[in-house]
Amino acid sequence: MPKPKSFKLVEIVRRFGGELAGDSTVRISRVAALESAGSSDITFITQARYLPQLRSTAAAAVILGREFRDATAVPRIVCDNPYAYFAKVSRFLNPPPAVARGVRKSAVVDRTARIAKSASIGACAVVGKRARIAADVVIGPGCSIGEGVVIGAATRLHANVTVYHDCVIGARCEVHSGAVIGSDGFGIAREEGMWRKIPQIGRVVIGDDVEIGANTTIDRGALDDTVIEDGVKMDNLIQIAHNVRIGAHTAIAACAGIAGSAKIGRNCALGGAAMIYGHITIADNVSVSAGTLIMKSLDQPGAYTGVYPFSTHQRWLKTASQLRQIDELAKRLRALEQDAKRAERNKT
Amino acid sequence: MPKPKSFKLVEIVRRFGGELAGDSTVRISRVAALESAGSSDITFITQARYLPQLRSTAAAAVILGREFRDATAVPRIVCDNPYAYFAKVSRFLNPPPAVARGVRKSAVVDRTARIAKSASIGACAVVGKRARIAADVVIGPGCSIGEGVVIGAATRLHANVTVYHDCVIGARCEVHSGAVIGSDGFGIAREEGMWRKIPQIGRVVIGDDVEIGANTTIDRGALDDTVIEDGVKMDNLIQIAHNVRIGAHTAIAACAGIAGSAKIGRNCALGGAAMIYGHITIADNVSVSAGTLIMKSLDQPGAYTGVYPFSTHQRWLKTASQLRQIDELAKRLRALEQDAKRAERNKT
Amino acid sequence: MPKPKSFKLVEIVRRFGGELAGDSTVRISRVAALESAGSSDITFITQARYLPQLRSTAAAAVILGREFRDATAVPRIVCDNPYAYFAKVSRFLNPPPAVARGVRKSAVVDRTARIAKSASIGACAVVGKRARIAADVVIGPGCSIGEGVVIGAATRLHANVTVYHDCVIGARCEVHSGAVIGSDGFGIAREEGMWRKIPQIGRVVIGDDVEIGANTTIDRGALDDTVIEDGVKMDNLIQIAHNVRIGAHTAIAACAGIAGSAKIGRNCALGGAAMIYGHITIADNVSVSAGTLIMKSLDQPGAYTGVYPFSTHQRWLKTASQLRQIDELAKRLRALEQDAKRAERNKT
Numbered sequence: 637m638p639k640p641k642s643f644k645l646v647e648i649v650r651r652f653g654g655e656l657a658g659d660s661t662v663r664i665s666r667v668a669a670l671e672s673a674g675s676s677d678i679t680f681i682t683q684a685r686y687l688p689q690l691r692s693t694a695a696a697a698v699i700l701g702r703e704f705r706d707a708t709a710v711p712r713i714v715c716d717n718p719y720a721y722f723a724k725v726s727r728f729l730n731p732p733p734a735v736a737r738g739v740r741k742s743a744v745v746d747r748t749a750r751i752a753k754s755a756s757i758g759a760c761a762v763v764g765k766r767a768r769i770a771a772d773v774v775i776g777p778g779c780s781i782g783e784g785v786v787i788g789a790a791t792r793l794h795a796n797v798t799v800y801h802d803c804v805i806g807a808r809c810e811v812h813s814g815a816v817i818g819s820d821g822f823g824i825a826r827e828e829g830m831w832r833k834i835p836q837i838g839r840v841v842i843g844d845d846v847e848i849g850a851n852t853t854i855d856r857g858a859l860d861d862t863v864i865e866d867g868v869k870m871d872n873l874i875q876i877a878h879n880v881r882i883g884a885h886t887a888i889a890a891c892a893g894i895a896g897s898a899k900i901g902r903n904c905a906l907g908g909a910a911m912i913y914g915h916i917t918i919a920d921n922v923s924v925s926a927g928t929l930i931m932k933s934l935d936q937p938g939a940y941t942g943v944y945p946f947s948t949h950q951r952w953l954k955t956a957s958q959l960r961q962i963d964e965l966a967k968r969l970r971a972l973e974q975d976a977k978r979a980e981r982n983k984t
Numbered sequence: 637m638p639k640p641k642s643f644k645l646v647e648i649v650r651r652f653g654g655e656l657a658g659d660s661t662v663r664i665s666r667v668a669a670l671e672s673a674g675s676s677d678i679t680f681i682t683q684a685r686y687l688p689q690l691r692s693t694a695a696a697a698v699i700l701g702r703e704f705r706d707a708t709a710v711p712r713i714v715c716d717n718p719y720a721y722f723a724k725v726s727r728f729l730n731p732p733p734a735v736a737r738g739v740r741k742s743a744v745v746d747r748t749a750r751i752a753k754s755a756s757i758g759a760c761a762v763v764g765k766r767a768r769i770a771a772d773v774v775i776g777p778g779c780s781i782g783e784g785v786v787i788g789a790a791t792r793l794h795a796n797v798t799v800y801h802d803c804v805i806g807a808r809c810e811v812h813s814g815a816v817i818g819s820d821g822f823g824i825a826r827e828e829g830m831w832r833k834i835p836q837i838g839r840v841v842i843g844d845d846v847e848i849g850a851n852t853t854i855d856r857g858a859l860d861d862t863v864i865e866d867g868v869k870m871d872n873l874i875q876i877a878h879n880v881r882i883g884a885h886t887a888i889a890a891c892a893g894i895a896g897s898a899k900i901g902r903n904c905a906l907g908g909a910a911m912i913y914g915h916i917t918i919a920d921n922v923s924v925s926a927g928t929l930i931m932k933s934l935d936q937p938g939a940y941t942g943v944y945p946f947s948t949h950q951r952w953l954k955t956a957s958q959l960r961q962i963d964e965l966a967k968r969l970r971a972l973e974q975d976a977k978r979a980e981r982n983k984t
Numbered sequence: 637m638p639k640p641k642s643f644k645l646v647e648i649v650r651r652f653g654g655e656l657a658g659d660s661t662v663r664i665s666r667v668a669a670l671e672s673a674g675s676s677d678i679t680f681i682t683q684a685r686y687l688p689q690l691r692s693t694a695a696a697a698v699i700l701g702r703e704f705r706d707a708t709a710v711p712r713i714v715c716d717n718p719y720a721y722f723a724k725v726s727r728f729l730n731p732p733p734a735v736a737r738g739v740r741k742s743a744v745v746d747r748t749a750r751i752a753k754s755a756s757i758g759a760c761a762v763v764g765k766r767a768r769i770a771a772d773v774v775i776g777p778g779c780s781i782g783e784g785v786v787i788g789a790a791t792r793l794h795a796n797v798t799v800y801h802d803c804v805i806g807a808r809c810e811v812h813s814g815a816v817i818g819s820d821g822f823g824i825a826r827e828e829g830m831w832r833k834i835p836q837i838g839r840v841v842i843g844d845d846v847e848i849g850a851n852t853t854i855d856r857g858a859l860d861d862t863v864i865e866d867g868v869k870m871d872n873l874i875q876i877a878h879n880v881r882i883g884a885h886t887a888i889a890a891c892a893g894i895a896g897s898a899k900i901g902r903n904c905a906l907g908g909a910a911m912i913y914g915h916i917t918i919a920d921n922v923s924v925s926a927g928t929l930i931m932k933s934l935d936q937p938g939a940y941t942g943v944y945p946f947s948t949h950q951r952w953l954k955t956a957s958q959l960r961q962i963d964e965l966a967k968r969l970r971a972l973e974q975d976a977k978r979a980e981r982n983k984t
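Taken in sequence, the protein lines are chains A, B and C.
According to the working numbering, the stretch in the first sequence is residues 637 to 984, in order.
According to the working numbering, the stretch in the second sequence is residues 637 to 984, in order.
According to the working numbering, the stretch in the third sequence is residues 637 to 984, in order.
Read the hints as simulated data drawn from the structure, not as lab findings.
One thing to keep in mind: the hints can contain errors.
It does not matter which identical chain is used: a pair holds within one copy or between any two.
Taking lysine-lysine and the DSSO-like style, the derived pairs with C-alpha atoms no more than 27 Å apart in a straight line are [as the list claims (entries may be wrong)]:
{"id": "1", "residue 1": "K983", "residue 2": "K641"}
{"id": "2", "residue 1": "K833", "residue 2": "K641"}
{"id": "3", "residue 1": "K967", "residue 2": "K641"}
{"id": "4", "residue 1": "K983", "residue 2": "K753"}
{"id": "5", "residue 1": "K977", "residue 2": "K954"}
{"id": "6", "residue 1": "K724", "residue 2": "K644"}
{"id": "7", "residue 1": "K753", "residue 2": "K641"}
{"id": "8", "residue 1": "K644", "residue 2": "K833"}
{"id": "9", "residue 1": "K899", "residue 2": "K932"}
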């Protein structure tokens with residue numbers, strides 16, 4: 637491994653802004669967490685509860701907000717949004733590995749596909765008829781790109797991604813391995829005791845700056861398209877059904893599922909394993925807690941939760957058994973209330 | 637894109653039956669949703685709540701049930717099951733894209749495998765020893781077909797599907813990308829503080845007309861086989877554990893999971909993220925709601941649910957905290973009831 | 637199919653220990669379940685509830701614990717841990733299929749990768765720069781092994797597994813198809829209404845004797861590594877987020893999810909679809925029931941559950957509606973109690 641390049645703290649500030657406090661000539665070459673940072677590392681702090689670790693950090697420098705400006709003597713960059721600042725420094729010190737341009741010899745590209753010269757098509761990747769791959773796109777090894785697919789500039793598909801025919805992916809997206817884009821929606825009609833498949837003839841249309849996690853699946857629309865707007869961030873193992881629309885800059889954690897034709901607003905946050913019914917509408921700025929099932933439309937922003945609180949198994953046996961009889965409890969309570977009322981009446 | 641072929645409405649009725657009302661010579665070339673249909677599109681309606689959209693549709697023709705026969709003057713096909721009729725018309729107007737027969741040059745097929753002449757083996761697909769691929773089968777790019785696998789006529793595997801050794805898939809099935817069929821079941825035995833793997837020597841045996849969604853996993857049996865009967869339809873990201881049996885014509889929505897050795901009846905419907913315990917039996921015609929965990933056998937048909945009702949996070953904090961103390965509530969209620977009874981006794 | 641090799645029962649006992657009862661010369665060639673075993677099969681029993689099947693089994697021999705020694709006259713092996721014994725016999729009778737050593741012609745291996753001579757690299761697999769593949773490793777067809785990946789001796793990756801750059805997998809591991817190891821963690825920082833990606837520069841480091849199920853995803857660490865300790869067993873479709881640590885010999889059932897930076901103890905058991913919040917710590921020997929969401933750290937061993945008990949949909953409508961008003965119920969109960977107390981005071 638070659639020695640990593642290092643930069644003076646002042647060079648970082650010149651490039652990304654912020655106020656420099658302490659020794660501006662300290663050199664940094666890596667980013668690291670508060671606890672594991674060493675003498676050539678820059679770290680960050682965003683919450684007061686990490687102040688003890690800040691006091692004992694061995695980091696060369698730290699990125700922090702104004703409120704922590706004087707909490708340390710370590711050379712530091714003071715800024716408004718330390719986490720976002722840290723993200724930029726980390727990207728600067730850890731550029732994505734260079735990928736060789738051009739089509740690997742073992743890739744199979746249809747002669748009617750149009751591949752930008754600066755794009756990279758990985759080993760054993762397959763690109764179908766009339767696909768259009770823009771500049772600086774990276775298609776990983778083993779990917780399958782269907783007929784007529786369009787992929788925008790600087791988008792990266794990691795290894796073994798599948799994109800079905802005619803889907804559209806915007807610019808600067810990142811799609812992780814095993815993701816499947818454009819599989820058939822689950823459209824079936826009952827006829828004489830059997831299921832008849834409804835052809836799924838819509839597409840998946842994905843905006844710019846979207847991230848899609850590993851093994852996430854996004855189904856094509858039944859008639860109209862499934863739409864993922866700009867800046868949406870999705871984690872792993874998420875299911876997006878046919879004709880869903882996800883508003884711009886919404887973030888979805890792993891294992892979540894959104895059923896058919898649901899419309900999710902902009903700037904929403906869905907927690908892990910959150911599930912959304914089909915054919916409902918979620919307003920902008922809604923936050924759904926992990927493990928929560930949303931069964932009807934939400935027209936107000938805010939945080940929503942529905943999770944059975946865990947306990948020891950023994951205690952759960954009791955609460956679950958009472959919950960099963962809760963309408964019995966309610967009836968008995970009503971009876972007592974009526975008795976009390978009757979007693980009251982009799983007294984007067 | 638070539639101009640799509642068009643058909644007179646009367647030609648559709650001649651082919652698929654139903655009663656024609658209105659102008660029989662109107663030409664249609666595409667299917668579309670009520671709201672987005674244009675002047676060469678045929679659409680459908682199945683529920684009264686969409687009647688307003690029917691009134692304003694720009695569609696050339698509409699498929700509907702007898703109850704809506706006179707709800708529009710648009711040329712129309714009146715039939716018993718409009719959704720299934722629509723499915724047939726859609727398939728007629730949208731035939732699956734033709735796939736070139738034969739084995740792509742980059743595919744790797746063992747010389748002992750038997751591939752029907754009319755089958756198609758995609759680029760970079762791998763077919764193992766003694767596999768048997770029937771007529772009109774399509775194996776997508778990047779698929780891996782293990783040793784001894786048998787695939788029935790006209791079945792289609794989309795790109796990047798994996799089928800482990802000795803599994804059997806019936807005729808006219810469709811398997812979506814990333815699906816894994818025949819991986820080892822989760823069989824482990826505790827021994828001296830470690831886990832010893834139980835070899836999984838059963839197979840997966842899948843009937844005819846089965847659909848399997850993207851990234852769904854079906855484990856092989858431990859000793860006997862895992863069995864998926866005819867006509868089962870499965871959505872994406874579903875887990876089917878070892879030795880499960882799923883009855884014919886059952887439909888399973890995305891993110892559901894069925895644990896080992898569970899037996900699911902025929903004509904069941906499992907909602908999204910429904911979870912079924914291992915070693916239990918579910919009767920025919922059972923419907924399990926989305927997000928519901930079934931912990932014991934169900935011997936009666938019907939609909940079953942178990943979901944914590946969501947609310948705002950603030951309200952949830954209150955209900956969850958009371959639920960945790962529900963047996964305390966029940967005790968206090970019982971105390972009041974006993975006091976009341978005692979008071980009653982003292983009065984008399 | 638060649639006729640399977642057979643062994644006398646006494647040969648099995650010589651190899652694996654235990655006490656032999658009954659005819660020691662009976663020959664067995666296969667393992668089978670109690671109910672389906674035939675005259676050349678060995679089976680096992682571990683629970684009294686299967687005694688009826690034991691009585692009617694057609695098996696040639698049975699493996700059982702001392703408590704069942706005299707429950708049958710079938711030739712038998714008496715031992716302390718029949719299930720683990722059975723696992724060994726099954727592995728002996730069902731050795732994993734031999735895999736041809738060496739690099740398949742269609743595989744694409746970077747010339748700087750180091751591949752042991754006894755390793756097998758499957759068709760259309762891709763191995764990146766500086767990867768190190770140890771002795772007896774099997775890399776399945778279509779796998780993608782990133783730059784700098786290290787894989788320990790005798791580990792097997794089934795078809796279509798993806799391992800991102802610089803990840804480390806120990807010895808004797810088994811990774812099932814579609815698993816993704818080392819994808820980016822879900823690290824995003826909000827900045828001016830958009831999400832900025834946090835580079836994920838840690839690795840995934842996996843110990844020895846780990847099993848990873850089909851389509852399971854394990855994200856690389858943000859700064860430090862994601863760590864899976866020795867002997868961990870994971871089922872299918874599991875999500876392990878960045879910087880999670882899973883203690884040795886913990887078993888995790890399908891569809892479970894563990895959020896970022898959670899630490900799971902040793903010898904834990906997570907049920908199917910169990911979900912663990914981020915940044916919490918679970919003690920050793922904790923068991924989490926299927927479908928349970930754990931929202932805070934657990935420092936005591938034991939079993940924990942939190943699942944809404946299912947019922948018919950009609951009954952659920954009632955319990956859910958009462959649950960929504962449970963704090964109202966509690967208030968009314970308190971009012972009655974206060975009335976009763978007041979009445980009591982007035983009496984005296």
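Q. Given identical chains, is K983 near K641, meaning Cα to Cα at most 27 Å, within a copy, between copies, both, or neither?
A. Classified as neither; 90 Å inside a copy, 87 Å across copies.
Q: With 27 Å as the alpha-carbon cut-off, assign the pair K724 and K644 to within, between, both or neither.
A: Within one copy, since 16 Å is at most 27 Å while 60 Å is not.
Q) Are the CA atoms of K899 and K932 at most 27 Å apart within a copy, between copies, both, or neither? A) within (11 Å within a copy, 31 Å between copies)
Q. Given identical chains, is K833 near K641, meaning Cα to Cα at most 27 Å, within a copy, between copies, both, or neither?
A. The answer is between: 22 Å across copies meets 27 Å, while 57 Å in one copy does not.
Q. Under a CA distance limit of 27 Å, which applies to K753 and K641: within one copy, between copies, both, or neither?
A. Classified as neither: same-chain Cα gap 30 Å, cross-chain 37 Å, threshold 27 Å.
Q.
Cα distance capped at 27 Å. Does K983 pair with K753 within a copy, between copies, both, or neither?
A. Neither: 95 Å inside a copy, 95 Å across copies.
Q. Within a copy, between copies, both or neither: where do K644 and K833 come within 27 Å Cα-Cα?
A. between (63 Å within a copy, 24 Å between copies)
Q) Checking K977 and K954: alpha-carbon separation at most 27 Å within a copy, between copies, both or neither? A) Intra 31 Å, inter 26 Å, cutoff 27 Å: inter-copy only.
(Q) Reference check for the pair K967 and K641, CA-CA at most 27 Å: within, between, both, or neither? (A) So K967 and K641 fail the 27 Å test inside a copy (73 Å) and across (66 Å) alike.
Against the hints set out earlier in the document, violations occur for numbers 1, 3, 4 and 7.
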